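*Asks:* In order, the protein sequence lines correspond to chains A and B. Note that the numbering used here numbers the first sequence so that position 372 is 372, with each residue one more than the last. Remember, the numbering used here sits 501 above the position in the second sequence when you count from 1.
Calculated directly from the structure, the hints in this document are not laboratory data. Some clues are possibly wrong.
[Stated by the list, open to error] Now the stretches of chain B that chain A is said to cover, found in silico as 3 or more residues with beta-carbon under 8 Å:
1) 514-526
2) 600-609
[To be verified] Calculated pairs, DSBU-like style, for lysine-lysine (alpha carbon to alpha carbon, straight line, at most 35 Å):
3) B:504 <-> A:294
4) B:561 <-> A:141
5) B:623 <-> A:494
6) A:487 <-> B:504
7) B:504 <-> A:428
8) B:649 <-> B:576
9) A:141 <-> A:427
10) B:618 <-> A:494
11) B:649 <-> B:597
12) A:283 <-> A:141
13) B:597 <-> A:427
14) A:427 <-> B:576
15) A:452 <-> A:294
16) B:561 <-> A:428
17) B:504 <-> A:494
18) B:618 <-> B:577
19) B:649 <-> B:618
20) A:283 <-> B:561
21) A:294 <-> A:283
22) B:597 <-> B:618
23) A:428 <-> B:576
24) B:561 <-> A:427
25) A:494 <-> B:577
26) A:427 <-> B:577
27) A:494 <-> B:597
28) A:427 <-> B:618
29) A:487 <-> B:561
In this text, all values refer to a predicted model and were calculated from it rather than measured experimentally. Yeah, the Cβ is synthetic: ideal placement off N, Cα and C, and Gly gets one too.
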Amino acid sequence: MDIFQHLMQGFSAIFTPYNLWMAVVGCFFGTIVGILPGLGPSATIAMLLPFTFGMNATPAMIMLCALYYGAKFGGSTTSILINVPGENASVVTTFDGYQMALQGRAGSALGISAIGSFVGGILGTFGLIFVAVPLAEFSLKFGPAEYFSLIVMGLLTIVFVGGKSIPKSLISGVFGLALGTIGSDVVQGAPRFVYGVAELMDGISFVVVVMGVFGIGEVLVSAEEHMKMDSIKVPFSKLWPSLSDLFQSRWAMLRGTIIGFIIGVLPGAGSTIASFISYGVEKSTSKHPERFGKGAIEGVAGPETANNASCSGEMVPLLGLGIPGSGSTAVMLGALMIYGLRPGPMLFKTNPDFVWTLIASLFVGNVILLIMNLPLVPLFAYTLRLSYSFLYPAIILVCMTGVYSVNSNVFDVWAMLIFGILGYFMKKYDIPGAPMIIGLVLGPLLEHSLYKALALAHGDVTVFIIRPISAILLGIAAAMTIVVLFKTARAMRKQVSDDQN
Amino acid sequence: MRKGDRVTGFIALGFSLWLLIESSRFDYLTTYTPGPGFLPFWLGICLGLLSLYLIFDTFKRKADKEENETRLPGKKALFRVGLILLFIAGFAFSLKTFGLPLTTFIFVTLVLFLLEKFGILKSLFYGVVFSASLFLVFRYWLEVDLPKGLLGL
Chain A
1 MDIFQHLMQG FSAIFTPYNL WMAVVGCFFG TIVGILPGLG PSATIAMLLP
51 FTFGMNATPA MIMLCALYYG AKFGGSTTSI LINVPGENAS VVTTFDGYQM
101 ALQGRAGSAL GISAIGSFVG GILGTFGLIF VAVPLAEFSL KFGPAEYFSL
151 IVMGLLTIVF VGGKSIPKSL ISGVFGLALG TIGSDVVQGA PRFVYGVAEL
201 MDGISFVVVV MGVFGIGEVL VSAEEHMKMD SIKVPFSKLW PSLSDLFQSR
251 WAMLRGTIIG FIIGVLPGAG STIASFISYG VEKSTSKHPE RFGKGAIEGV
301 AGPETANNAS CSGEMVPLLG LGIPGSGSTA VMLGALMIYG LRPGPMLFKT
351 NPDFVWTLIA SLFVGNVILL IMNLPLVPLF AYTLRLSYSF LYPAIILVCM
401 TGVYSVNSNV FDVWAMLIFG ILGYFMKKYD IPGAPMIIGL VLGPLLEHSL
451 YKALALAHGD VTVFIIRPIS AILLGIAAAM TIVVLFKTAR AMRKQVSDDQ
501 N
Chain B
502 MRKGDRVTGF IALGFSLWLL IESSRFDYLT TYTPGPGFLP FWLGICLGLL
552 SLYLIFDTFK RKADKEENET RLPGKKALFR VGLILLFIAG FAFSLKTFGL
602 PLTTFIFVTL VLFLLEKFGI LKSLFYGVVF SASLFLVFRY WLEVDLPKGL
652 LGL
């Protein structure tokens, strides 16, 4: 069966009332939570994950993907209306989006942002199909040795590219890997770091860690102060960008899609970098770069398109290789495992119905978001007027009840509280949480691949070097490490000499 | 950030030592494969090296411009965060005994009344609204087996 037939089957599966409803619910809540400053897509997915536990894998993942895209759509609304980005990737949108709002063009900015996100999402999903399928077919050749090398490379890329400080990102990643060793080990089934606590035998649930670090941690940071948000009001009638706005933005959207998708495919680069690069490209290719920062519509269209196209790009390593490229896709990877699915190339072989319905849902989700966002933006913006006094107790309650519902166990609630405190301090001291989550999710897979590869090779460690694909992957990882070490040493020398001067 | 990084470095160093000590209690290798102690041992080494680098770096560089800006919240904000944590702990502690609806009601009422300075009637009203909504969603929509507690719900 070819790609087109698979996709059509996916569309026929998504167009059932229940699956469509899940997509609508995901888009709606994703947009609302995405609008709230402070809660990014990872936190949104983590917080609403327990709502999917009673579902089958397909509707559950449809809802989670819709949440992801919805949070990305919603993130730009606050950037434009109150100059506060709903998530990191929407920081760039404040540059020109808020300026447009001040000039009375908030509707155009919101409209072009929604249309750009739609274009990026749809074209990006086509990109996903044409890259993930061959990648998955190629990676069917992978054995445990290749998987081990791939996970090593993926982990390094994520921590190297992800945070502001490489050592702190690495510490976060290693800490996540260490958390993944808690529980029965893959070799002898021996309990590790359990200390007689029965609840730790199966390891620390990633849901507990994700909801603690991203949910409770974020809430604690936001709840420090009384948050007040004064939003610019947008009338319904002014939400459609004019034809000249659309004409002016067409190339920005196309360039944004290409940039966003390519950056999204690279593990760790993510949508924030994509949106910044897109903004830089738009400014440098513009005949009037002086308009940027003063309300240039291309400065909204390009980055917003890149932001959503990168979401589709991030799904490529997740679906094709089973490696998450960002915090959000790490949460989705963990969710897939909870539903009993093993992401990676075999997923296309063993669960084609699931994969293609999911891909079809990305198209449908983007259409729903466009329909929902254009006329309903004023309604979504109204949530900004909701007092944070109501929001944070609600978020805490959803996290606590949600985490309890995973195993009907109060131990998980206590553990989440501890991870919430950890997440709070990590945020305070600029230690990124995503590498920790990725380490936690990939750690057991890394250990399992290592064990399996060496068992098959009768303990011969050269198996990782004599197999060509594994050797190439490890070579890339080694080259990256050398480059990063070199850069770090140079930056350190420069800083010390600056200090001495 | 220098002081913060130093504290982070020392905590990570302590954790790496703990990993190294604990990993020695397990087999490092089996006949052909790494044993249960292999990964924790190497993670301990990596974490130790990274934390030493972070600590060393904080001694080498001068305090940056933002150094004077404390990362920890002021007294008032710290009090808010502390109270929220206390309420969450109280929630976890009383969930089994009181059940979800009653625990939620107490949690929301206390947060709104003590932290958000709402009037008592308004706090009680929202306590009931939050409690009923959460109960209905988790019990009837998501069909989660919730602790029954005092009210037997």
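*Asks:* Please go over all the hints and tell whether each is borne out by the structure.
*Replies:* Here's how the hints hold up against the structure:
no.	hint	verdict
1	514-526	holds (count 3)
2	600-609	holds (count 4)
3	B:504 <-> A:294	violated, 39 Å
4	B:561 <-> A:141	violated, 48 Å
5	B:623 <-> A:494	violated, 58 Å
6	A:487 <-> B:504	holds, 23 Å
7	B:504 <-> A:428	holds, 12 Å
8	B:649 <-> B:576	violated, 38 Å
9	A:141 <-> A:427	violated, 40 Å
10	B:618 <-> A:494	violated, 51 Å
11	B:649 <-> B:597	holds, 7 Å
12	A:283 <-> A:141	violated, 43 Å
13	B:597 <-> A:427	holds, 31 Å
14	A:427 <-> B:576	holds, 18 Å
15	A:452 <-> A:294	violated, 57 Å
16	B:561 <-> A:428	holds, 22 Å
17	B:504 <-> A:494	holds, 20 Å
18	B:618 <-> B:577	holds, 14 Å
19	B:649 <-> B:618	holds, 30 Å
20	A:283 <-> B:561	violated, 38 Å
21	A:294 <-> A:283	holds, 12 Å
22	B:597 <-> B:618	holds, 28 Å
23	A:428 <-> B:576	holds, 16 Å
24	B:561 <-> A:427	holds, 24 Å
25	A:494 <-> B:577	violated, 40 Å
26	A:427 <-> B:577	holds, 19 Å
27	A:494 <-> B:597	violated, 57 Å
28	A:427 <-> B:618	holds, 27 Å
29	A:487 <-> B:561	holds, 17 Å
Hint compliance for this structure: hints 3, 4, 5, 8, 9, 10, 12, 15, 20, 25, 27 are not met, and every other hint is.
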